[in-house]
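Chains as they are written, first to last, in our numbering: chain A, 1 to 286; chain B, 1 to 264; chain C, 1 to 374.
The set of hints was computed from the structure by calculation and includes no laboratory data.
Here the structure is a predicted model, which is why all the values come from computation and not from measurement.
The reader is advised that the hints may include incorrect statements.
[As the list claims (entries may be wrong)] Subject to a maximum C-alpha distance of 35 Å in a straight line, what follows is the list of computed DSBU-like cross-link-like pairs (lysine-lysine): (1) Lys292/C x Lys260/C; (2) Lys51/B x Lys235/A; (3) Lys322/C x Lys292/C; (4) Lys312/C x Lys346/C; (5) Lys292/C x Lys346/C; (6) Lys235/A x Lys47/B.
Each chain, letter by letter, is given below.
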Amino acid sequence: MAAPTSVAISSAPAEATCRPLLWLCPLILFLVIFFAGPLLLNLMESLRLDKGAPTFAEYTHIFGDPYYLRVIAQTLIFGIVVTAICIVLGYPLAIAVARLDGTGKALLIFAVVVPLLINVVVRSFGWMVILSRAGAFNWLMRALGLPTVDVMYTWTGVTIALVHVLLPFMVLAIASTLETLDPRLEEAARVLGASRARVFRHVTLPLSFEGLITGSILCFTLTIGSFVTVMLLGKTSTMIMPLLIYQQLTVSSNWPFAAAMGMTLLVIVTAVLWLQLQLRRPRWRR
Amino acid sequence: MSRLGLGLSLYVGVLTIFLLAPVAVVIASAFTGAEFVTFPPHGVSLKWFAKVLGDPQFVVPLWNSLRLGVLATLLSAVLAIPAAIAMVRYRLPGADLIQAFLLSPLSLPTIILAVGLLFFVARIGIGSSLLALVVGHAVITVPYVLRTVLGVYAGINREIEEAAMVLGANPLRAFWLVTLPLIRPGILAGAIFSFLLSFDEVPVALLLSNTDTTTLPVSILSYLVYNYDPAVAAISTIQIAIVIAVLLVLERVFGVKHLLFTSR
Amino acid sequence: MNERPTSTPHLSLRGLRKSYGEHVAVDGVDLDIGAGEFVALLGPSGCGKTTLLRSIAGLVSPGGGDILIEGRSILGVPVHRRDLGMVFQSYALFPHMTVAENVAFGLRMRRLPRREAETRVARALELVRMSGLEGRYPHQLSGGQQQRVALARALVTNPAVLLLDEPLAALDAKLREAMQVELRQLQRRIGITTIFVTHDQHEALAMADRVAVMRGGRVEQFGTPTSVYENPETPFVAEFIGQMNRLSGELIANESGVAKVRLAGRAEPFDARSTSQIPPGGAVIAMMRPEKLELAPARVNGHALPNQIAAKVTETLFSGEKITFYLDTALGPLIATMQNRSTEGKAIPQVGQAIEIGWRAADALIFAASQSDR
Numbered sequence: 001m002a003a004p005t006s007v008a009i010s011s012a013p014a015e016a017t018c019r020p021l022l023w024l025c026p027l028i029l030f031l032v033i034f035f036a037g038p039l040l041l042n043l044m045e046s047l048r049l050d051k052g053a054p055t056f057a058e059y060t061h062i063f064g065d066p067y068y069l070r071v072i073a074q075t076l077i078f079g080i081v082v083t084a085i086c087i088v089l090g091y092p093l094a095i096a097v098a099r100l101d102g103t104g105k106a107l108l109i110f111a112v113v114v115p116l117l118i119n120v121v122v123r124s125f126g127w128m129v130i131l132s133r134a135g136a137f138n139w140l141m142r143a144l145g146l147p148t149v150d151v152m153y154t155w156t157g158v159t160i161a162l163v164h165v166l167l168p169f170m171v172l173a174i175a176s177t178l179e180t181l182d183p184r185l186e187e188a189a190r191v192l193g194a195s196r197a198r199v200f201r202h203v204t205l206p207l208s209f210e211g212l213i214t215g216s217i218l219c220f221t222l223t224i225g226s227f228v229t230v231m232l233l234g235k236t237s238t239m240i241m242p243l244l245i246y247q248q249l250t251v252s253s254n255w256p257f258a259a260a261m262g263m264t265l266l267v268i269v270t271a272v273l274w275l276q277l278q279l280r281r282p283r284w285r286r
Numbered sequence: 001m002s003r004l005g006l007g008l009s010l011y012v013g014v015l016t017i018f019l020l021a022p023v024a025v026v027i028a029s030a031f032t033g034a035e036f037v038t039f040p041p042h043g044v045s046l047k048w049f050a051k052v053l054g055d056p057q058f059v060v061p062l063w064n065s066l067r068l069g070v071l072a073t074l075l076s077a078v079l080a081i082p083a084a085i086a087m088v089r090y091r092l093p094g095a096d097l098i099q100a101f102l103l104s105p106l107s108l109p110t111i112i113l114a115v116g117l118l119f120f121v122a123r124i125g126i127g128s129s130l131l132a133l134v135v136g137h138a139v140i141t142v143p144y145v146l147r148t149v150l151g152v153y154a155g156i157n158r159e160i161e162e163a164a165m166v167l168g169a170n171p172l173r174a175f176w177l178v179t180l181p182l183i184r185p186g187i188l189a190g191a192i193f194s195f196l197l198s199f200d201e202v203p204v205a206l207l208l209s210n211t212d213t214t215t216l217p218v219s220i221l222s223y224l225v226y227n228y229d230p231a232v233a234a235i236s237t238i239q240i241a242i243v244i245a246v247l248l249v250l251e252r253v254f255g256v257k258h259l260l261f262t263s264r
Numbered sequence: 001m002n003e004r005p006t007s008t009p010h011l012s013l014r015g016l017r018k019s020y021g022e023h024v025a026v027d028g029v030d031l032d033i034g035a036g037e038f039v040a041l042l043g044p045s046g047c048g049k050t051t052l053l054r055s056i057a058g059l060v061s062p063g064g065g066d067i068l069i070e071g072r073s074i075l076g077v078p079v080h081r082r083d084l085g086m087v088f089q090s091y092a093l094f095p096h097m098t099v100a101e102n103v104a105f106g107l108r109m110r111r112l113p114r115r116e117a118e119t120r121v122a123r124a125l126e127l128v129r130m131s132g133l134e135g136r137y138p139h140q141l142s143g144g145q146q147q148r149v150a151l152a153r154a155l156v157t158n159p160a161v162l163l164l165d166e167p168l169a170a171l172d173a174k175l176r177e178a179m180q181v182e183l184r185q186l187q188r189r190i191g192i193t194t195i196f197v198t199h200d201q202h203e204a205l206a207m208a209d210r211v212a213v214m215r216g217g218r219v220e221q222f223g224t225p226t227s228v229y230e231n232p233e234t235p236f237v238a239e240f241i242g243q244m245n246r247l248s249g250e251l252i253a254n255e256s257g258v259a260k261v262r263l264a265g266r267a268e269p270f271d272a273r274s275t276s277q278i279p280p281g282g283a284v285i286a287m288m289r290p291e292k293l294e295l296a297p298a299r300v301n302g303h304a305l306p307n308q309i310a311a312k313v314t315e316t317l318f319s320g321e322k323i324t325f326y327l328d329t330a331l332g333p334l335i336a337t338m339q340n341r342s343t344e345g346k347a348i349p350q351v352g353q354a355i356e357i358g359w360r361a362a363d364a365l366i367f368a369a370s371q372s373d374r
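Taking the hints into account, I'd like the entire structure generated from these sequences.
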């Protein structure tokens, strides 16, 4: 749900005894068994290990079939599009959050966070009510004398709904970086003669880069992993990897294939996270 | 609001409507007197609430979700709190790596984890039971509790705990009387995240539950696949109300509001 | 080196050692402290004084050596059973408890009945002049008040030893001076053995019965403030406490209780405090305290001071109670200070003035050059 930001720990010269291991063990063991374990099983299942020697048959099946390749491509493009929209829509909101104080700020943050508290099924249902042919949006269109639209089961509808789901993450990620920005930097730029637009481009934007990266990676990974929203608002006309996996598991009961798809998705997500680590390396001394 | 220009204020207004629209629409639809979901809703009636609250199809999953949320949170807390304390107090070899591993479930799409868990529970035979669900949810929620407790504990003055021990408190009493009250905000924030996450979770619950252990989101989902009526709106509104109620109560009792915004 | 008190030491450290990986924090410390003594551990940061204090408290387990209280080793005793009192640099008051609850904590751990605990808490607060503030929370108190509550909390259990880790460091100068006096008076009244860590030499000299000057994990000298000031045993101690003028030269000979030293810059030898440890001909460092250099010295019994030299004043610094003179001499730059006696009508040397300065043999200390690390 949120990016893995690690906590900086600086303890005084403490002694490493074996007691801390005792306290850490339950959690480490728990995650090794119930987190790493399932992932490992996933891998094994995808290699069809229970039927004998490991085989890459499932993977060749995926990467040899143009349909599946298209699904993978669609998933990635979808992720990029949603992320891009979130950046464009979210940045001004983040600026607003950073600039406001007191009640205004609290209210805006509240408005941004509330959607996150609502179940994704419920939110998708909400969009169904809004976007369906007889829904709220078209009611508004008719009232204004504008032509109605039909975006159910299209990429447009799914994109709108997913942007709605992920926008809060982007806004909060950027806002938290903007908050730490020293306003005196912007003031200094203005005093030196830069217009507002140039101040933004040359001062604010580069310094909020880290928040932008965090938000983008988050949006992207959550988008390519999302499945309920796409299932409810797109059905099979907007096929992305998670939906395909679910289908293969429940409808076709093709476990090895689903596992292979899952591993592919996992590899993509890991690659993106690794990219995030690279981009996060300090580009100038902070 | 005067700190934003006119353009920005307008923009914020429009986007706020965008953000709150689905929620508002769902709540509005729940009060309709009609038999279908229409917009705008026809008439005002509570009949759908009555129907839904009397329908075991929804009520049982509601209790399941609440119970699951509490159990998963308890398990997460029990696992994460000692771990967080150990990580701050002792400089362990490979601390960064350990921390990265313990926080990694945060970045993974839950569908992958759900699929893996499906294979896992099939193998070890606990099948689709409450235990499987609690464990599955705990895997997802424990990094949150760990992160918030770590954040709070790393910031407190260690000398306070040392003072307690020098004054005669054995490690257990020092933890209970001094450490715990100090990290309580972190535990609470993590617990809230954890509960809400579990309450709203779909992929794991979808794959791992059976008719007895279905959670609320899953039951709404299956209902939606075949039906499209205000019952969904009603039960959704109830779920929203529960979430907001939990948050308000906790805010009133513990003052957690600012934590929610700053501990992301 | 140790000036041992006549009675059995109350607290003893024997060959105490502590290392963190490569870094040796405490490198074999021996100390004997008498009952009721106020001992300061003084040294620059990183010298191991805090580690030493924490070892006594039990918060750090030594890698070697022993700690004895009244002859019995406390090394195996866990922190919470050592029955010591400690005031931390940050005071470490429990933020979620009131002043009274803070002070009562130690008594609560010892399961004292409520009535008795309340009485003792009240008495402890009275001792530190914090009566009436029992219901306050730490964040409602000033720094000085917090410090006093921390003290009351440490003392209320009647511990065997009181440990103080730079307790006055966070206070402003005036308050710190007042607290130094108050703390010392309190300690004398109660008579509790006290160990006090500080990096401030003025504080150590002002408060302690004996000072342990530490460097690099070792105690370089352990003695009364006077002896540490007047008779430093190493160049480090000499320079760390107070100010010193420092000159290089060589020892010519020891004759009739006085060391003859040739200093760079003048052929004639100077007189210095005699020492048996340096062989004639050996390279030495000579040190004189600025206040021991007399400006325009008067003649004693018709004789000039044995060490006299011409100097020119390059700068003066008025600090209120004293005046510092920066001098240029054949031996190099020197610093002299003089108490402010402006009302006595004596002329004060001005910048640019040429004067004579002199010092007694006993005021020039010499050390073997090898003892210094510069």
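Verification of the supplied hints:
1. A hinted pair counts as satisfied when its Cα atoms are at most 35 Å apart, and Lys292/C with Lys260/C qualifies at roughly 19 Å.
2. Of the supplied pair hints, the one linking Lys51/B and Lys235/A holds, its CA atoms being roughly 28 Å apart against a limit of 35 Å.
3. With a C-alpha separation of about 13 Å, the suggested pairing of Lys322/C with Lys292/C holds against the 35 Å cut-off.
4. At roughly 18 Å between alpha-carbon atoms, Lys312/C and Lys346/C fall within 35 Å of each other, so this suggested pair holds.
5. Restraint check: the Cα-Cα separation between Lys292/C and Lys346/C comes to about 18 Å, which is no more than 35 Å; the hinted pair holds.
6. Between Lys235/A and Lys47/B the alpha-carbon distance is near 30 Å, which keeps this suggested pair within the 35 Å criterion.
Every hint from the earlier list agrees with this structure, and none is contradicted.
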